[in-house]
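Chains as they are written, first to last, in UniProt numbering: chain A, 1 to 295; chain B, 1 to 295; chain C, 1 to 295; chain D, 1 to 295.
Source of the hints: derived by calculation from the structure; they are not laboratory data.
The reader is advised that the hints may include incorrect statements.
Since the list gives no way to pick out one identical chain from another, each pair is judged satisfied if it fits inside one copy or across any two copies.
[Stated by the list, open to error] In the SDA-like style, the derived pairs of lysine to any residue whose C-alpha atoms are separated by at most 25 Å in a straight line are:
id, residue 1, residue 2
1, Lys55, His7
2, Lys55, Val32
3, Lys164, Asp60
4, Lys195, Asp146
5, Lys71, Asp284
6, Lys164, Ala210
7, Lys26, Pro232
8, Lys26, Gln9
9, Lys55, Asp198
10, Lys55, Val126
Protein chains: 4
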Amino acid sequence: MSYVLGHNQYGKAEVHVVRVFRDDPKAPHDIVDYNVSVALTGDFDDAHITGDQAKVLTTDACKNTVNAFAKKAGDAVRQPESFGLALAEHFAQVPQVERVRVNIEAFPWQRAHNHPHAFVKNGDYVRTVTVTRTGGSSTVVSGLKDLTVLKTTDSEFHGFYQDKYTTLQPTNDRIMATAVTAQWAHDAADVDWNKSFDAVLDAITGSFSAAYSYALQHTLWEMGTAVLDAAPSVAEVRFSCPNKHHFVIDLSHFGLDNHNEVHHADDRPYGLIEATIKRSEDVDTTGAYDPGQAW
Amino acid sequence: MSYVLGHNQYGKAEVHVVRVFRDDPKAPHDIVDYNVSVALTGDFDDAHITGDQAKVLTTDACKNTVNAFAKKAGDAVRQPESFGLALAEHFAQVPQVERVRVNIEAFPWQRAHNHPHAFVKNGDYVRTVTVTRTGGSSTVVSGLKDLTVLKTTDSEFHGFYQDKYTTLQPTNDRIMATAVTAQWAHDAADVDWNKSFDAVLDAITGSFSAAYSYALQHTLWEMGTAVLDAAPSVAEVRFSCPNKHHFVIDLSHFGLDNHNEVHHADDRPYGLIEATIKRSEDVDTTGAYDPGQAW
Amino acid sequence: MSYVLGHNQYGKAEVHVVRVFRDDPKAPHDIVDYNVSVALTGDFDDAHITGDQAKVLTTDACKNTVNAFAKKAGDAVRQPESFGLALAEHFAQVPQVERVRVNIEAFPWQRAHNHPHAFVKNGDYVRTVTVTRTGGSSTVVSGLKDLTVLKTTDSEFHGFYQDKYTTLQPTNDRIMATAVTAQWAHDAADVDWNKSFDAVLDAITGSFSAAYSYALQHTLWEMGTAVLDAAPSVAEVRFSCPNKHHFVIDLSHFGLDNHNEVHHADDRPYGLIEATIKRSEDVDTTGAYDPGQAW
Amino acid sequence: MSYVLGHNQYGKAEVHVVRVFRDDPKAPHDIVDYNVSVALTGDFDDAHITGDQAKVLTTDACKNTVNAFAKKAGDAVRQPESFGLALAEHFAQVPQVERVRVNIEAFPWQRAHNHPHAFVKNGDYVRTVTVTRTGGSSTVVSGLKDLTVLKTTDSEFHGFYQDKYTTLQPTNDRIMATAVTAQWAHDAADVDWNKSFDAVLDAITGSFSAAYSYALQHTLWEMGTAVLDAAPSVAEVRFSCPNKHHFVIDLSHFGLDNHNEVHHADDRPYGLIEATIKRSEDVDTTGAYDPGQAW
């Protein structure tokens, strides 16, 4: 038996840490709510093949580190990208580690009634971050998921290719709806992350609303170019968007008109449209995305 | 074999209908997004015992009716309570039906960028309605679920009962967080439902924020009285609230203080606190709530 | 403001405890895997209204008790019903407690390769138990959920009631599929619980398979009578069964026949059929079921 | 604005088709239950940039094709790998398509009571397939997910690397549990897929049971070599396995021993261990795995 160990990685996943900022007794409290996963790659063959764990930093220590850094990393904790960068830099110092990947889900909260220490969870989307560190430098991918948008008109779909299994009727007016998953790679590491995120979010919802659509593919292109226009540090944006079909229900049997008013919101199947929009041909994001997080 | 058929009911569950209001070509579009379930009780023994379906209104017809009423019920469609009332009144006319129950989940959307026909789904909560019709009259229970709130201070827990299994340390400062499920029964059927819902939502988040807390039970009472103060048609409100524990992490091993700053947000187990607050002793809501929806 | 506190209860939910039986060094290990929830009702008004917690047994103590009893309750731990009975009896001794409810989800495991200490989780169903203790006596409700069954023929549906919203075509051959949720109340507390559960499970799958069906209602009746035949201690069984629709797909456009061969398995909406089958008219299960668990 | 469209793909996701095999009126029925997703890559720039859909095969046609092939592909439908191969070959004939990817989730069912047409869903795992076709040839990756296994002893963890955040105590006896996600790439396309799958499943559960473990990494290596031993067509196997922590509960406060008997089954965080085991160094699976399905 001469089998070979190929790519491997390990770490602690889903360390759910809530940090309260309450240093100044006169200031309102702030919070961040992060679900942090750490994955390490390096010289870990023995852990697998012989069972010798001498080089394995325990996943329990990974968890402890995330929690300790939620205090000790100071202002870097306030933005998930900077928190991820601090964690990646730390783990990269473990000698046997060659690549560090930190994935963070950041759950947004909004202040309740302008209260200094009460909050309501904002369920409109989850913010995501992937930081990858290897060879002494880090890449940052920001993102969001579960942002559900819908437009009731200004969406067409026709002129498509026909084969023997094509039965769809073309339409010049339909609901278009999707739950946006987007990830965008930065070509800088000194970004005002929260400001950049807000600009991207606004670009996505703004272009979805404003752009007349000939297909969800078309809308992805419009959203992608809007993101690149709005956020200078973004080199590339990737979208993965289900076409959440809303079917116009035939009510004629019941003597009722239905001018795109009553729709069945179907669950499955759905179209799944995925596209990358890059600032230029020579953008290279090799290794920046987490395959498990992205498409 | 002389077994007996006891309580039974049936219907179509989770008819997911999205209605667009677009009659006026100059006005912005509006939408409602409802997940409707209908359950009928009545003279359906034969359907079970002999297999004779002669009295069974098909669940497919229930679905068709929900969809047709999404057009034909007019302005009643704009609020889930009035939509549920219209549906219940219709199904009660089927001769063999003795009780109709309509449950609706209403998913809130907000206008995107003030656009006339683009929307972003508001994921902060789901609105719920239970309408029950029997004996010629209907009861209405409004509600919400998945509203997650958190306060970083002004919450204590101490002075509790001690038994041999009690090891918890008392605290005079802790995070309190919960995902509110609430249902409130109205004693009227001619309410401005959307206005009433907004008042209740505001009372819940407002009182959660403002009330100093000695336990989640205490906060439920405060929220309940605030709801009754804010919404005159509400006879009773029921809460089911998980105590979403946030544990202060001991960082002393790493040479770090932690003054209620870094918390582990735990998943399970959780406290589950449930309470009813009534306007008066003689409030009687028998049969108004759906056991499967409520606690 | 003279509002009134109505029904209330509290406790720890979802204490996920795995117990290994390994006393005998020569015997194979056994395990049970329980998710336990405890809810207490009693004299807890002050905890709500004044914030005084002097009578409140903490939910943390509830958790500790569940864990301690997983060791100390001995053989009672081996069956979820007897474990629930032991817990209920304990909590009922707290003076201010008037009613105890214990809900348990028991996850089945099967031995892997007849190995003495390796197991594979059996994902076919989850076993459930509700024990309720009040006034010095306990009631036991056993159950299961997520048991998905399907038959490819011997199922018809026709002869149903017609109204103006009825468009469904009758059929004399269709797939019938459902995910069974069932709960059955015992009129005894000294049952061989595991043997009884196995008999009920076998009765459900056996009667689903064997009984020719004229509707899901009809099949529920057949399953219910089979359960009562098979398990002498069962006084009543309740079913809540979604009709998981499998629609025959029209392939004629593609020049293909489809004699009930190719089906679309739809997600929503679904019929939801619920029925109680009792051993006799005078069965009284008042208060035995958990409204939140049952229908 | 001179932005560039990068990698893109689209198709229909989650076509849930159930096929009944009932040709022979005297034979028992068989079923397969597949959730099929198709993703196409090719010359689709115009669909994005100009909105011209002339080259776009509709996702609706993708769905129709899956359903039609569930009838017309004959015996190839009986195994998910061969069904995926047939679909990939078909879609590759669309001129503007350069790469086809077909992902299938196959849900196992077992015959109920040896009945000829009644089935119980086997919830122990989900079988998965990824077929990728490009340049005239197809690669096949088989897999499974959600297979949960646990051993109560024969598992140690000690001798690990220590840094300042390491607080974990070593152990020489612990529960080890994981939910196995595995994918294995074949270097052939004429395999007896069902027989091969059964051999791999048996190798995974068998080696998990038999192999003494010094870490989950160690167990992954053992499982991987067992898979390669058992299935000649498998060139490489990838595992992604959460370390489902079971913590021994300290019961000493309650006067109780706990010799690895009572455990808290924690939800989050969890270790996440991922490894590839290859038959030889020169195994090349470039492009065979779906990044969104794998790790």
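Hints and how they fare:
Proximity of Lys55 and His7 under a CA criterion of 25 Å is satisfied intra-copy only: 17 Å inside one chain copy versus 38 Å between copies. In this assembly of identical chains, Lys55 and Val32 lie within 25 Å of each other by CA distance neither inside one copy nor across copies; the values are 33 Å within and 35 Å between. In this assembly of identical chains, Lys164 and Asp60 lie within 25 Å of each other by CA distance solely across copies; the values are 12 Å between and 56 Å within a copy. Only within a single protomer do Lys195 and Asp146 lie at most 25 Å apart by alpha-carbon distance; the minimum there is 20 Å, versus 28 Å between protomers.
Within a single copy, Lys71 and Asp284 get their C-alpha atoms no closer than 34 Å, and across copies no closer than 44 Å, so neither meets the 25 Å cut-off. Neither within a single protomer nor between protomers do Lys164 and Ala210 lie at most 25 Å apart by alpha-carbon distance, with minima of 35 Å and 42 Å respectively. Taking the shortest Cα distances, Lys26 and Pro232 never come within 25 Å of each other, neither inside one copy (36 Å) nor across copies (38 Å). Taking CA atoms no more than 25 Å apart as the test, Lys26 paired with Gln9 passes in neither setting, with 45 Å inside one copy and 38 Å between copies.
Taking identical chains as interchangeable, the C-alpha atoms of Lys55 and Asp198 are never at most 25 Å apart, the minima being 41 Å within one chain and 36 Å between chains. In this assembly of identical chains, Lys55 and Val126 lie within 25 Å of each other by CA distance neither inside one copy nor across copies; the values are 35 Å within and 34 Å between.
The structure is inconsistent with the numbered hints 2, 5, 6, 7, 8, 9 and 10, although it conforms to all the rest.
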